[in-house]
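Protein chains: 2
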Amino acid sequence: MEKYRVKPGQRIHLKDWDPNETDLLDGDKDEGKERLEALNRDLERLQELLYAEHKHKVLIVLQGMDTSGKDGVIRHVFEGVNPQGVRVANFKVPTPEELDHDYLWRIHRQTPGKGEMVIFNRSHYEDVLVVRVHGLVPAEVWQRRYAHINAFEQMLAEEGTLILKFFLHIDLDEQKKRLQARLDDPTKRWKFNPGDLQERALWAEYMRAYEDVLSKTSTDYAPWYIVPSNKKWYRNYVVASVLVEALKGLHMQYPQPKDDLSRVVIP
Amino acid sequence: MEKYRVKPGQRIHLKDWDPNETDLLDGDKDEGKERLEALNRDLERLQELLYAEHKHKVLIVLQGMDTSGKDGVIRHVFEGVNPQGVRVANFKVPTPEELDHDYLWRIHRQTPGKGEMVIFNRSHYEDVLVVRVHGLVPAEVWQRRYAHINAFEQMLAEEGTLILKFFLHIDLDEQKKRLQARLDDPTKRWKFNPGDLQERALWAEYMRAYEDVLSKTSTDYAPWYIVPSNKKWYRNYVVASVLVEALKGLHMQYPQPKDDLSRVVIP
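The listed protein sequences derive, respectively, from chains L and V. Quick note on the working numbering: the first sequence kicks off at 17 and runs consecutively. Quick note on the working numbering: the second sequence kicks off at 17 and runs consecutively.
So here's chain L without its partners, still in its complex pose (with noise of 0.2 Å):
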């Protein structure tokens, strides 16, 4: 999964990643899902793991431009986890009383503690992306907060947060035939937001914006990964397999009792 990581320092253009490869999978649609659910699996042993050895902490976050499939990754990859490990944190407009502080505020209030694994629906990035392209502060305001977010997030990892970043990554004309299909499906009418339109048209800052943003926050200690998400089966593949190999990577193992239990009787 390495080819879609983002290395520190490196400059992206979104032009030179297709959203609709599917490289690493030799097979089709029917392969990807049964590929998924034994990742299903490793990932609903390795959360269990990680609630026991209580330890480090989880951060994963979900950007993408909408119907990129954010609600759709938490669905189907996080299927079959325990709940009482993993929370969705979702970052809508803020409140007045979020407006009043800092952008990283709510953020942090809601970061993982030990043992738990907490999925960002959306995040501090809006902060670079919606707020600039809209032009919601001064230039100099947000321009300043790539180096405030790096440093957040350094001090999270410091702290024992392994941090997992994706980016949804879809087309145009995707976007389109997902919109549509809101519109037309009476069972997906409902995430059907006329302000959507607005967005859309605002498409190539928002890719200028999220640009900047990989460029200049992926680091090895809170990577950007770049997932082609117009095929969703292989989107879900991709992320499920980052989080199983890095989950993996941490090595942990279940806490040894204190006292020596093999000589205890249940009366």
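Certain hints may be false.
Treat identical chains as interchangeable: a pair holds within one or across any two.
To be verified - The calculated lysine-lysine pairs, modelled on DSSO-like cross-linking and capped at a C-alpha distance of 30 Å, are:
{"#": "1", "residue 1": "K130", "residue 2": "K274"}
{"#": "2", "residue 1": "K108", "residue 2": "K274"}
{"#": "3", "residue 1": "K130", "residue 2": "K108"}
{"#": "4", "residue 1": "K248", "residue 2": "K204"}
Just so you know, these hints were derived from the structure itself, not from any lab.
The hints should help you fit chain V onto chain L, whose structure is shown.
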């Protein structure tokens, strides 16, 4: 008050800083109390303006050994200020939930919002003070934290927070007197904690840890002031003066009404 401000990069040796001095006041204790009263009134007015303008955030950090006067500063300097816009955050031994997160997690939650003034009674600096002196984490862990703290405070400052940090400097003899007073006076006895004597025995280690804090984390955006604190009236005078001066420097203004109110008639 410049003489008490630690310049960025300045190496601090606390033996060169006299906790008894009262150089910036010609008079005595009575003079000090009179000046403090005037500063209390200034502070009251400035805090109301801060609240009304709803633009800046103000963070005051108080650190010092036991009996150095953190509670006394809060009582005497902020006397008369409207509690609606001022909040004290006490950081005691972390709870299990707080220990499950990074050490800045509980700190960040308590930072001020716009128009608010927050006083930290102890702070994130305990994570490079008590934690270091008692060896609660390996050296490489607390050594990394100076950089985290500077980055955190820089972010807060760049996002609109005025930060002022006060080290209340007393010496070993003065602490002895004050601890003895706690034992002797039945109305102060509740403040005496036998654990304070164990900390007192580690005085030299604490001074070394404070010297590192003051040398490594005094910045233009979040300066430390070393406040001579053997004389309580002088300590209060210095803290109040620095605070009033800094708040005046914000050049705050009452917000202008959006509509023309000159023709409004109350029916």
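Each hint, compared with the structure:
| no. | hint | in the structure |
| --- | --- | --- |
| 1 | K130 to K274 | within (20 Å within a copy, 49 Å between copies) |
| 2 | K108 to K274 | between (44 Å within a copy, 29 Å between copies) |
| 3 | K130 to K108 | both (25 Å within a copy, 20 Å between copies) |
| 4 | K248 to K204 | within (16 Å within a copy, 68 Å between copies) |
The structure fails none of the hints (numbered hints given earlier).
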